[in-house]
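Okay, here's what each chain looks like letter by letter:
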Amino acid sequence: MLKIDPHQFILDYGLYACIQCGKCTGGCPMVIKTSLNPRNLIYRIIIAGNGFDVEGREELWDCTTCSTCATRCPKQVNPMEAVIGLRNAFVEKGKIHSNVKVALESTFRHGNPLTMLREERAAWAEDLSLPAMKQGVDYLYYVGCTPSYDPRVQHVTRAIVKIMQQAEVSFGYLGNDENCCGSEVRRLGEAGLFEMMVEDNTEIFKEFGVEKMFTTSPHCLNAFLKDYPKNKLSVLHYTQVLADLLNADPGEKGKKASDLFTGKLEATITYHDPCYLGKHNGIFDPPRDVLRSIPGVKLVEMDRSREKSLCCEGGGGRMWLEGTNPSVRLAQMRVKEALETGAEILATACPFCLLTLEEAVKHINAEEKIRVMDVAEIVEQAL
Amino acid sequence: MTFRPRIGVYICHCGINIAATVDIAAVTEFAARLPGVVISREYTYMCSDPGQAIIKQDIHDLDLNRVVVASCSPRMHEPTFRATISDAGLNPYCFEMANIREQCSWVHAGSAATTLKAIELVSSAVGKAAQLEPLQERQVPVTPAALVIGGGVSGMQSALDIAEAGFQVTLVERKNRLGGHVAHLYKTFPTLESAGDLVNSLIDAVSNHPGIKVITEAQVVEIGGYIGNFKATVMANDHQLDVLAGAIIVASGYEVFNPIRKPELGYGVYPGVLTTWDLEKLLPGDITVKGREPERVVFIKCVGSRDQTVGNPYCSRVCCMVTAKQARILKQKLPKSQVTVFYMDVRAFGKDFEIFYDKTREAGVIYRRGNPSEIIKKGDHLVVRAEDTLLGEPVEVEADLVVLAVGMEPDPQSDDIAGLLKLARSSDGFFLEAHPKLRPVDTATAGVFLAGCCQGPKDMAESINQARAAAAAAMIPLMRGEVPVDAATSFIEAELCSGCGQCAEVCTYSALTLHPVRKVMTVNPVLCQGCGACAAACPSGAINVHQFTFTQFMAQIEAFSNGWEVSEPSKKLEKV
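Line by line, the protein sequences give chains A and B. Quick note: the first sequence uses this note's numbering, first residue 1, plus one each step. Quick note: the second sequence uses this note's numbering, first residue 1, plus one each step.
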């Protein structure tokens, strides 16, 4: 038995507004492979009466928190947040998958969910002599955990540094003082630990005088923008910084596309909207603007793009969980959709998307036909 | 001789509405001891004939010059009691009401505190009553003509009714022809009559009526005046003209929701996705998508309605029946096609609607419950992704044609009319009626009435209903020939006024103007609605509102705070 008080839960998450229209479930990318049904779940909570038992509802861990349900709901209910709320009940009772336990403990101890050492967080930048964050610097480059530690994503991180330096953007970084943003911790249902991290990070940003920052990952971006208490921080995704630079009027501070790109890249590219950049934060155009400004690039669109983008299954803590049906993978479907466009490069702008999509390309043996690259890596090629 | 108030106080039981929670005897007894009160009585229903007779008798016998009734809201019975004392020879403005029902007995439990509140409300009313002054209502003559803005079915019907009654009507239409949205429809529900025939007969009747002057491709650019005497400036094609009218009917219509704001539905991207509005135009001819007859048709309801993500939380009321109508016609024209309707609720509320809905299903149209989330493309065909909520299963339905049942929205083009007439909007953006039940065609501005979809989504029958109601309401001042003007207007103490004009800035009725010679502000008592904004804005305290003067307010407040010290309240009335 793992019971929650449905009445309080319904009030907390505004579930009384639900009219059972089914838009959430109809649009949910997971329904094709799992028994997750947000509409049905809400209905069961509403009619539960004195106690709602979440025991055995393993499908709650399938949710990728892509937010399709929340953006489609005509009554502005947020089923995704309700799922996160229900996960909290599991976490409180300690009834969680061992992977999740490890990720949460690692975040608590080492400031990252990847069981890596805190002291090695900045190892990727050892040869780069990056400026430390200090007063007077325009931006903090908040790198993030996966971009700091994952050898594949480190390419993206280094590319971002190189581009920003060439574009003469003034930025600093926190080195080993950087701490996990807590996005995945919150989505895995560990509300308590997340609160602690909010406090720690808020303190760090204050200490270093951070006013503006850009992130590698849309997940970190989203956490700082939406999960942290209201603050005066201006948080951008790195693609926004680049797009602003490239779209800037001539004569304004910053580089124009023609100044930045000395090379070119003859390639047909399709862009996969990461959920946390697109659906969550409405950032659809900046990454596209950046890609389009690269000389030689032809940008083509998949049918499911922008608001309809298909989730790669990397969010909501799913990097640590296989879910109830690992035999069907949305990332593989996504790569097939990309192949249909005839693109040679599948671009994205999120470390999780990059990893899941690249894995999918290998699984379906499409390495000869398509490459998965981050927008930053693509830009780097044409510098 | 100095004025001495002789006040009669009447406490109403309102059956048990007040008497069950308020100690009426205690209130009556208390009121009797208030300064200026000559008589204090209680009665079961003060508004009844015997109740009113008591007041009249007392005015006569006791020489009362001010009357206070403690009962319901003044919105309910103030006119009743004003007429009562007027009958007995008093000025109707020598009356004050204490609302001890809506503001006391209905909202509190029966307790000493409730009775105490009633006592305080009565004390306060008595305090004000002593300061009331007799006021004179004025009558102004009416221009026996009406202006109707909007030439859709609502505007045309209103114009026709008023003209038939013998008044001159000017009908102003923005487009180059009459008929509005209905002129573009194929058939109507639930009778499947030709919409063209219906609207054309109306257009003919309006166009040929000697009492109606139709001005198309025109818009109202300025409106001045007040009930009985409006003056509108109409800008037509190449010339400008003035229209004088005693009443105005606004029938400016609606706008069809543009589903481009729901990008997940692919409207404007996929040629196979149309709106009900698009399909209506195709229905008379061959229905093809990319040159082929569609075999699988899916209707999606509530597009742009009941949807807070696009700011339209309301139901558009017509889409359920439009869908049923179109699905049925499609099924007749393309018998081999499979027609599926996705719905959240089927709202077939009107006369004969439910039967029409039955017939639609009988014709073979499949109804599935669920509001589709998105439309995607698989190969050559469209796929509607939804959950069939009755099965509890996500479904992907293939379609050659998807029809989005789009709702109604406030017409942004009517913003200028709203500005000219100071029309308020309800939270949904449509024009706000004066009261949702009791005054459904009136606006806050006297002499201005609403008809049709500018006030909220309606079908044709409902629009005609409201149009005829608005016409009837507009004809009241026209037929009377003169209109009374409420005396509770603002007035200016010229010695205090510096002519700064701050009052004119806050006045929504344009009732204040600077006297060109004396350089002080003057009030047009016909335009003034007595809202008091000017009095609050005046930095010199030069403006007062009759019936709500500073002196009267102060008397009210003093009586309220001191009232129950006049005599020691009994123990059970201790303040809680």
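Keep in mind the hints are simulated off the structure, nothing from the lab. Incorrect hints may have been included.
Said to hold, decoys possible - Residues from chain A that face chain B, not an exhaustive set, calculated with beta carbons under 8 Å:
| no. | residue |
| --- | --- |
| 1 | Gln20 |
| 2 | Gly22 |
| 3 | Gly26 |
| 4 | Arg44 |
Just so you know, even glycine gets a beta-carbon here, dropped at the ideal spot from N, CA and C.
Each hint, compared with the structure:
1. Gln20: Given a least distance of 6 Å, the restraint on Gln20 (chain A) holds.
2. Gly22: holds (3 Å)
3. Gly26: holds (4 Å)
4. Arg44: At about 11 Å, which exceeds the 8 Å cut-off, the nearest Cβ of chain B leaves the hint on Arg44 (chain A) violated.
Hint compliance for this structure: hint 4 is the single one not met.
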